[in-house]
Amino acid sequence: MTPDARAKKSAATMWAGDAATQFLGMEMVDVGPGHATMTMRVRPEHLNGHQMCHGGYIFLLADSAFAFACNSYNQIVVAQENTITFLSPGKGGEVLTAVAQEQHLAGRSGIYDVAVTGEDGRKVALFRGLSRTLKGQHFEETDA
Numbered sequence: 304m305t306p307d308a309r310a311k312k313s314a315a316t317m318w319a320g321d322a323a324t325q326f327l328g329m330e331m332v333d334v335g336p337g338h339a340t341m342t343m344r345v346r347p348e349h350l351n352g353h354q355m356c357h358g359g360y361i362f363l364l365a366d367s368a369f370a371f372a373c374n375s376y377n378q379i380v381v382a383q384e385n386t387i388t389f390l391s392p393g394k395g396g397e398v399l400t401a402v403a404q405e406q407h408l409a410g411r412s413g414i415y416d417v418a419v420t421g422e423d424g425r426k427v428a429l430f431r432g433l434s435r436t437l438k439g440q441h442f443e444e445t446d447a
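Be aware that the sequence shown starts at 304, since it is given in the numbering used here, and climbs by one per residue.
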């Protein structure tokens, strides 16, 4: 199996069990070894009292892209630590895009950066996640 096929199969397995991501309206755009791109349309229930999407929902989008990127090698990986800097709010109705990219992977530890942007290309948030691979655990084989 090619690395791209393995990443897509791992993502399909994760996606099938991730009701929260689906409930929030996120969509998988692309996944491959060490990277993932996800989108989420800002819905009315994502807006705060200032009519902005700021904070938690943006974090969830970035964290989901991070999770799909670091689980793309058919190994079970969890977040060890993450930080996010919010730069601008999401606007109601717009589609936010989170692009996760592996920066370093050695042994069981990885570093991934995620940029979240708005439809107009502005930076909404920058996220950095540290991952830890669970020793000897892999996704089950699927037909996806």
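These aren't lab readings, by the way, just hints derived from the structure by calculation.
Using N, Cα and C, we set each Cβ at its ideal position, and we do this for glycine too.
Incorrect hints may appear among the rest.
Derived pair list, reagent style SDA-like, types lysine to any residue, alpha-carbon separation capped at 25 angstroms [to be verified]:
#1 Lys-426 <-> Gly-396
#2 Lys-312 <-> Gln-354
#3 Lys-312 <-> Gly-410
#4 Lys-426 <-> Thr-386
#5 Lys-312 <-> Gly-396
#6 Lys-438 <-> Met-304
#7 Lys-311 <-> Pro-336
#8 Lys-312 <-> Pro-392
#9 Lys-426 <-> Leu-363
Computed Cβ-Cβ distance ranges for the label pairs, DEER-style [claimed, not checked]:
#10 Met-304 <-> Leu-437: 36 to 42 angstroms
#11 Gly-424 <-> Arg-346: 20 to 26 angstroms
#12 Leu-390 <-> Leu-433: 17 to 23 angstroms
#13 Ala-308 <-> Gln-404: 18 to 24 angstroms
#14 Ala-409 <-> Val-332: 39 to 45 angstroms
Going through the hints against the structure:
1. Lys-426 <-> Gly-396: Status holds; Cα separation ~17 angstroms.
2. Lys-312 <-> Gln-354: Not satisfied, since the Cα-Cα distance of roughly 38 angstroms exceeds 25 angstroms.
3. Lys-312 <-> Gly-410: holds, 22 angstroms
4. Lys-426 <-> Thr-386: The hint holds at about 16 angstroms.
5. Lys-312 <-> Gly-396: Violated, at about 31 angstroms.
6. Lys-438 <-> Met-304: The given pair, whose Cα atoms are some 21 angstroms apart, holds under the 25 angstroms limit.
7. Lys-311 <-> Pro-336: Holds, because 9 angstroms separates the two Cα atoms, which is no more than 25 angstroms.
8. Lys-312 <-> Pro-392: Given pair Lys-312, Pro-392 is violated - Cα atoms ~33 angstroms apart, limit 25 angstroms.
9. Lys-426 <-> Leu-363: Judged against 25 angstroms, a Cα distance of about 16 angstroms means the pair holds.
10. Met-304 <-> Leu-437: 36 to 42 angstroms: violated, 21 angstroms
11. Gly-424 <-> Arg-346: 20 to 26 angstroms: holds, 21 angstroms
12. Leu-390 <-> Leu-433: 17 to 23 angstroms: With a Cβ separation near 21 angstroms, Leu-390 and Leu-433 satisfy 17 to 23 angstroms, so the hint holds.
13. Ala-308 <-> Gln-404: 18 to 24 angstroms: With Cβ atoms ~20 angstroms apart, the hint holds.
14. Ala-409 <-> Val-332: 39 to 45 angstroms: violated, 28 angstroms
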